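Novice: For reference, the chains in residue letters:
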Amino acid sequence: MRNTKGRNAFIFAFLSPAVLIYAVFLVWPLLQSFQMSMYRWRGVSRNRKFIGAENFNNLFQDPVFWKSLQNTGTLLVVAGIATIALGVLLAHLTDGDGAVRKFARAIYLFPQVISLVAVALIWQFQLNPKYGLVTDMLFRLGLPVRDPGIVRDPRYAFSAIAVAFVWHALGFFVLLFSAGLKQISGEIKEASALDGSEGWHRFRHVTWPLLWSVKRTAITYLLIHILTVFALVFVMTEGGPDRGTETIVSYLYEQIAKNGQYGYASALAVVVFGVSMMASLAVLAYFRKDPTAGARA
Amino acid sequence: MKFVVALASIALAAGLAGCNSGSTPEAKETTTPTAGGKLTGALEVQAFQGGYGIDFYQASAKEFEKQHPDLKITVEGGPRVWESLTPRFANGNPPDLTFPGWGMKHWDLAEEDQLVDLGPALDGKAAEGEGTWRDTFDPQILALGQLKGVQYTLPYYVMIYGWWYDPEVFKKNGWTVPKTYSELLALSDKIKKKGMAPITFQGKYPYYMIDGMLLPWAQSIGGIDAVNAAQNLEEGAWNSPAMLQATERIVELKQKGFFQEGATSMSHTEAQQEFVQGKAAMVPCGSWLFSEMKKTMPATAKMEYFLPPFIDGGKGDPTAVLIGIEPWMVPTEAKNKEAAIELFKYMTSLSVAKKFVQEKGTLMAIKGSDHGELPDVLKVPSKTLRESKAVYSVQFRHWYPTLSTELENGLTSLLNGQISAKEFCDRAEAAADKVRKDPNITKHKV
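Protein chains in written order, with numbering that gives the first Met the number 0: chain A, 0 to 296; chain B, 0 to 445.
Hints were generated in silico from the structure; no laboratory data involved. The model shown is predicted, which means the values in this text are computed figures rather than measured ones. Check before you lean on any hint, since a few could be wrong.
[Unchecked claim] Calculated pairs, DSS-like style, for lysine-lysine (alpha carbon to alpha carbon, straight line, at most 25 Å):
#1 Lys433/B to Lys129/A
#2 Lys257/A to Lys192/B
#3 Lys192/B to Lys129/A
[To be verified] Short derived list, chain A residues pointing at chain B, Cβ under 8 Å:
#4 Asn46
#5 Pro62
#6 Lys66
#7 Arg201
#8 Val234
#9 Glu237
#10 Gly239
#11 Asn258
Every residue gets a Cβ at the ideal spot worked out from N, C-alpha and C, and that includes glycine.
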């Protein structure tokens with residue numbers, strides 16, 4: 000009995016700093032934004048007015064909110080699929096212990112260690128209509144990218160954000176899937192080879208199902224990362240041209256920084272929280288059961 | 000993670016302000032000047048660190064401290080100082096004197112009784128010479144800091160908006176500065192044939208074009224009243240014939256290929272760099288252009304100001320100048336208001352203002368500060384302002400940010416050929432209508 004008590008105290012002592020920090024800097028602000036979403040508040044004084052659900056009513060009638068939600072959803076699908084597909088592909092290509100492969104994996108990881116603001120600045124520079132390297136390459140391929148310029152062109156601006164995101168995020172997913180591939184034991188690979196399963200067949204029926212836990216982590220991570228993408232949009236396009244790349248978080252920032260609508264911004268934050276929560280739970284529910292559990296038993 | 004930080008910052012600010020919800024300060028605090036009184040204690044100044052830096056304010060504070068040895072002044076700032084000041088205002092802990100910069104919603108501060116009425120102080124004695132402090136300011140510029148007759152903010156330097164060209168380049172090519180729109184078209188044709196872009200602009204931030212083309216041309220066509228009617232949200236003012244015709248001029252320049260290729264996606268510094276490097280002949284910008292570009296300007300480059308070309312046959316004033324200020328203010332909850340006011344009075348005295356003009360190369364709101372030898376780049380703006388029969392200012396941007404954003408978005412679509420001039424004006428009018436009908440937005444009048 001005393002041992003259990005001591006053990007509990009020991010666990011408590013180690014957990015409490017993290018829990019405390021989490022509670023003060025995450026849970027408490029989160030609860031407060033729920034509260035703030037029911038007020039009209041300009042953020043410059045103590046004056047604020049309780050308005051119940053008015054911010055939410057206005058939000059659901061706000062076409063820019065729906066547009067930003069739609070843009071975020073499209074980014075999630077397009078950039079999400081591209082990141083996972085390329086991540087798996089590159090993990091396969093660099094699977095193994097050779098020096099070149101290890102080096103390649105490190106190179107892919109490089110953009111991940113740069114802050115997103117720096118990534119955005121790099122891409123802004125590359126896409127400059129006058130001296131951007133990428134603009135120049137695309138122009139030579141015959142694309143009309145010089146005017147109005149990629150980041151202000153409704154045909155290309157969204158793709159520019161998606162490409163910059165994938166470039167930044169890819170390395171992490173290559174690493175994740177590489178680790179996943181390593182977990183698949185040699186015996187399984189050997190057995191499937193003996194059964195005549197090779198190439199695409201083996202990937203589809205053996206490798207892909209066995210990457211189950213990695214896929215779950217990857218999709219959850221992508222979901223949170225894309226739903227809250229801000230710096231890329233803010234630096235590269237400012238949500239433009241004409242809301243073409245406005246995401247839900249860039250619109251939230253506009254409500255605070257430009258409009259001084261802290262209550263409305265909090266309502267937006269609550270919606271982002273709700274959407275992220277529901278989407279994450281849906282992912283967890285979908286991947287709840289290990290499809291390979293029976294096979295391995 | 001960024002989202003969490005954003006959430007946390009909202010909530011933290013909410014927490015700071017949370018303890019007194021629903022309350023409204025009853026009495027508006029005012030001050031009375033006590034010139035000559037002994038100033039003591041600490042005085043905190045927070046200033047926006049833009050193109051002109053904060054070194055001048057620090058040096059002025061040092062001088063002022065010498066006159067008031069019992070006063071201890073600290074002058075600090077940053078390029079986004081308003082971000083740290085906003086929660087301080089919300090928490091009732093603002094500095095004593097502040098120039099919070101373009102990002103601060105100072106009209107929100109005024110409406111929330113966070114700023115001292117400086118009217119009584121202005122009626123006190125000036126820091127130098129005879130007369131009141133009020134007499135030392137240009138009254139039209141002073142009016143830009145008033146809301147319903149109350150003087151919440153005071154101006155310091157004055158920005159003059161217009162267009163810029165390189166006189167050496169023009170001279171070499173035998174070009175003359177276009178005074179009218181038809182002259183602009185003829186000149187642009189010549190420039191284009193030379194292989195140079197006639198006009199560049201800061202397309203990433205469309206408000207430069209609103210201030211440099213749309214509003215000056217609406218003023219040309221319909222007079223200052225046409226612009227101010229739009230700012231005052233009068234019905235039909237944003238899609239009036241003057242606004243529509245001004246917008247059509249922008250479309251015409253675009254269609255004739257007179258705008259630099261890619262300018263729509265250039266930031267202010269990118270576009271201005273194209274200008275100083277001689278890749279574009281003209282750029283619309285405010286009088287801060289030289290100080291913003293001097294570090295990256297080729298040694299041979301020159302720049303000279305001119306008024307936006309006047310629309311031929313318009314009923315507006317060809318001498319009218321668009322001006323702007325960035326205001327200073329004393330918070331209601333400042334701890335040393337008296338010293339704050341006296342320090343700012345000292346900073347706006349003629350001798351100090353003249354020094355600012357010399358050191359920073361900008362015009363000031365203080366009468367007579369442009370007398371004497373001026374930096375070269377200021378000579379024409381100063382003469383233009385002196386000779387102008389009227390000035391006007393863009394005020395709606397701070398009053399109604401949602402309207403301003405919609406205009407900027409619409410302008411980008413207009414330049415991309417996605418909407419017509421009429422559709423642009425109708426969008427602007429619809430956005431103005433939304434503001435007009437929103438009872439929660441305080442309405443202002445020019």
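Novice: None of the hints should be skipped; say for each whether it holds.
Specialist: So, going through the hints one by one against the coordinates:
1. Lys433/B to Lys129/A: This hinted pair is violated, its Cα atoms lying about 39 Å apart.
2. Lys257/A to Lys192/B: Status violated; Cα separation ~42 Å.
3. Lys192/B to Lys129/A: Satisfied, since the Cα-Cα distance of roughly 20 Å is no more than 25 Å.
4. Asn46: OK, holds: asparagine 46/A within 8 Å of chain B, min 6 Å.
5. Pro62: Since the shortest Cβ distance to chain B is 11 Å, the answer is violated.
6. Lys66: violated (11 Å)
7. Arg201: With a minimum Cβ separation of about 37 Å from chain B (threshold 8 Å), the hint on arginine 201/A is violated.
8. Val234: Given a least distance of 10 Å, the restraint on valine 234/A is violated.
9. Glu237: holds (7 Å)
10. Gly239: At about 6 Å, which falls below the 8 Å cut-off, the nearest Cβ of chain B leaves the hint on glycine 239/A intact, so it holds.
11. Asn258: holds (5 Å)
Comparing the model with each earlier hint shows violations of hints 1, 2, 5, 6, 7, 8; every other hint is respected.
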